[in-house]
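*Asks:* So you can see what is in the structure, the chains are spelled out below.
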Amino acid sequence: MLFRERVMKGSEKSRLIEQFASRFDSFVLPLLFIALVVVFSILSPAFRTTFNLVSTLRFTSFIAVGAIGMAFCIMNGDFDISVGSMLSLVAVIGSSMLPVIGGVPAVMFTLIFASFLGFVNGVFVTKLRIPAFITTLGMMFIFRSFAYIYTNNTPVYIQNKFWLFIGNGKVAGVPFAIILMLLCYVVAWLLLRKSPFGRYVIAVGTNRDAAVLSGINVDRTEIIVFTLVGLFIGIASVIISANLGSANPGMLGQGYEFQVITAVVLGGTVLGGGNGNLWGAFFASMVITYLKNGLGLTQVDSYWQFVAIGLVLIFAVAMSRVKFTVLGQKEV
Amino acid sequence: MVKFLKLYEKIGIFIFLVAGAIFLSFASPHFLQGDTLFNVVAQGTYGAIVGFGMTLAITSGGFDLSVGAVMALTSVFLSILIPFIGIPLAILVSLIVASFVGFINGLIITKLKVNPLITTLAMMTIIRGVALIVAGGRQIVIHQKVFMELGTGKTLGIPNPIYIMVILFVIFYFILYHTPFGRHISAVGSNESAARISGLNVDLIKIAVFGLVSFTAGVAGTIRTSQTLIGIPTMAPGFVLVAITVTILGGTSLAGGRGNLWGTLFAGIFISMIYYGLNIIGVQIFYQMLSVGIVLILALFIDGIRNRYLETLKAKGLKV
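If you're matching them up, the sequences are chains B and H in order. Taking the numbering used here, the leading residue of the first sequence gets 1, the next gets one more, and so forth. Taking the numbering used here, the leading residue of the second sequence gets 1, the next gets one more, and so forth.
List time: in silico EDC-like cross-link candidates among lysine to aspartate or glutamate, alpha-carbon distance up to 20 Å:
{"hint": "1", "chain 1": "H", "residue 1": "Lys113", "chain 2": "H", "residue 2": "Asp203"}
{"hint": "2", "chain 1": "B", "residue 1": "Lys127", "chain 2": "H", "residue 2": "Glu311"}
{"hint": "3", "chain 1": "H", "residue 1": "Lys316", "chain 2": "B", "residue 2": "Asp209"}
{"hint": "4", "chain 1": "H", "residue 1": "Lys154", "chain 2": "H", "residue 2": "Asp35"}
{"hint": "5", "chain 1": "H", "residue 1": "Lys3", "chain 2": "H", "residue 2": "Glu311"}
{"hint": "6", "chain 1": "B", "residue 1": "Lys127", "chain 2": "B", "residue 2": "Asp209"}
{"hint": "7", "chain 1": "H", "residue 1": "Lys6", "chain 2": "H", "residue 2": "Glu311"}
{"hint": "8", "chain 1": "H", "residue 1": "Lys314", "chain 2": "B", "residue 2": "Asp209"}
{"hint": "9", "chain 1": "H", "residue 1": "Lys111", "chain 2": "H", "residue 2": "Glu192"}
Bear in mind the hints are in silico, worked out from the structure with no lab data behind them.
With the hints as constraints, model all of the structure from the sequences given.
*Replies:* And the structure:
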């Protein structure tokens with residue numbers, strides 16, 4: 001807080017630091033990404049091929065799309081750690097419908113079903129007033145066990161053309177998953193910045209009581225946010241299961257919640273709610289995916305990747321703490 | 001009604017436990033035989049032991065998701081160390097390593113001011129990674145059969161893990177309810193800033209609590225390793241759910257400040273009874289996870305209703 005007082009007095013140096021802190025996310029992440037790509041390109045010839053760079057971008061969509069819903073959720077002051085299991089459950093149920101009802105209806109069904117699961121989470125969180133992370137912790141295990149029970153722990157193989165197209169197809173030479181991801185981000189950005197709903201989300205996350213008093217239907221906002229989480233998880237589940245050509249109830253989405261939360265927090269959205277940064281989440285997803293890809297291609301043991309991403313998450317949160325101390329804003 | 005709620009908070013789980021026991025004794029003729037009963041209790045020891053630590057953490061307003069990973073790390077260390085330095089020393093070193101993880105958790109949470117949930121979520125991944133790296137991604141078999149006595153042996157007809165659970169229960173009970181440190185834990189959980197202002201060293205208390213949680217996870221990991229005689233780097237993937245369910249089902253409030261160790265003890269045994277019941281029906285292992293998840297949601301449901309009711313009372317200006 002001392003620092004804040006110095007800024008008030010108008011010391012030139014502290015003002016510069018403050019400006020740096022407030023712009024932190026908008027230029028550090030792209031810079032970090034470029035540095036990452038340069039380093040790995042030097043280290044690994046396999047990394048710097050166009051094929052690898054494009055296909056890694058395609059894999060980014062898997063994390064980036066899920067990060068949209070999570071960004072809304074964290075801005076709203078909540079958490080959803082059931083997303084990995086939800087991803088697995090909707091993927092196995094949706095893809096098992098394929099032979100029966102065909103491609104387009106199955107994809108629609110997957111999205112609706114995923115939104116419904118998110119809706120259920122939202123109802124539990126709002127109507128019982130249980131902290132979101134613990135409700136979704138319970139749900140995480142319930143969804144995963146339903147996925148196991150439904151498939152009897154055997155993967156579902158996917159042959160439907162339409163479903164596979166979403167993850168692997170190309171439109172005018174650009175992978176469809178990348179187009180879909182950008183489309184999702186544009187829609188989400190409009191929703192967050194150009195609609196009353198976006199304002200409500202940020203208002204609830206910043207100060208719940210104030211939001212209630214100013215007449216916002218907080219419960220409804222929260223339920224819609226959780227439903228949105230579900231919807232984007234539905235999209236991500238179609239993308240990843242199409243990429244892999246199968247939906248495995250045990251493997252799919254293991255540790256996914258972790259990557260998605262890392263992406264959102266690294267992207268500059270503050271835990272505890274309030275304003276956030278949607279494009280930051282996008283860049284952070286790129287950083288995470290390329291980091292994993294690069295570590296893999298430079299033959300780093302895959303177990304070290306766990307460690308690396310865990311450290312990135314702690315680093316990201318600690319950095320945002322430093323930033324907010326410097327700016328003298330609300331504590332997390 | 002308030003009296004009823006208070007009573008429920010204290011002994012609610014005990015009623016569940018008795019109801020469950022009556023149900024099971026009708027469902028299975030073997031349930032009431034001494035050996036089966038002891039086995040059910042012995043199977044409940046992991047949940048209860050880690051639940052003791054988790055009870056302290058939740059009472060202090062914290063939370064630890066890394067317990068399953070710490071169990072795995074302990075298991076790996078044990079299996080590597082036992083051939084070199086003998087069983088007692090290996091257990092000691094492994095428990096120190098486990099507690100050290102909690103110490104790091106506490107440092108990150110208090111000194112870097114990172115949210116406990118995120119810290120332990122990240123540490124969960126990191127520690128799993130470390131366990132896999134140390135073990136080289138393999139399971140390591142322990143050849144010293146004596147070690148098995150710890151987890152499967154019996155003393156005076158009672159399985160050894162039960163003794164360990166009771167000893168830890170007594171220690172934790174003493175710590176939480178009969179030492180200044182225990183009062184401080186509750187104080188930090190009820191109102192952290194008030195605790196800080198009244199001169200408590202909040203950071204130190206939190207670090208100690210996270211150290212204790214990891215220590216209990218280490219003990220549970222040791223027992224489980226001795227039962228299988230294998231060091232498993234991927235041990236106990238869903239265990240954190242059990243530990244948290246046991247704590248909340250036992251009546252410890254998520255809001256912090258009020259821990260219920262008796263409840264945790266009984267809830268640990270209750271979960272084990274559910275497993276036993278599912279075994280009788282003969283369903284697949286996935287249903288175990290499902291049932292624990294559902295029990296957690298139910299426990300939260302009750303906790304939520306209770307808090308809501310108490311809030312209404314407070315709003316009316318009644319003393320609760």
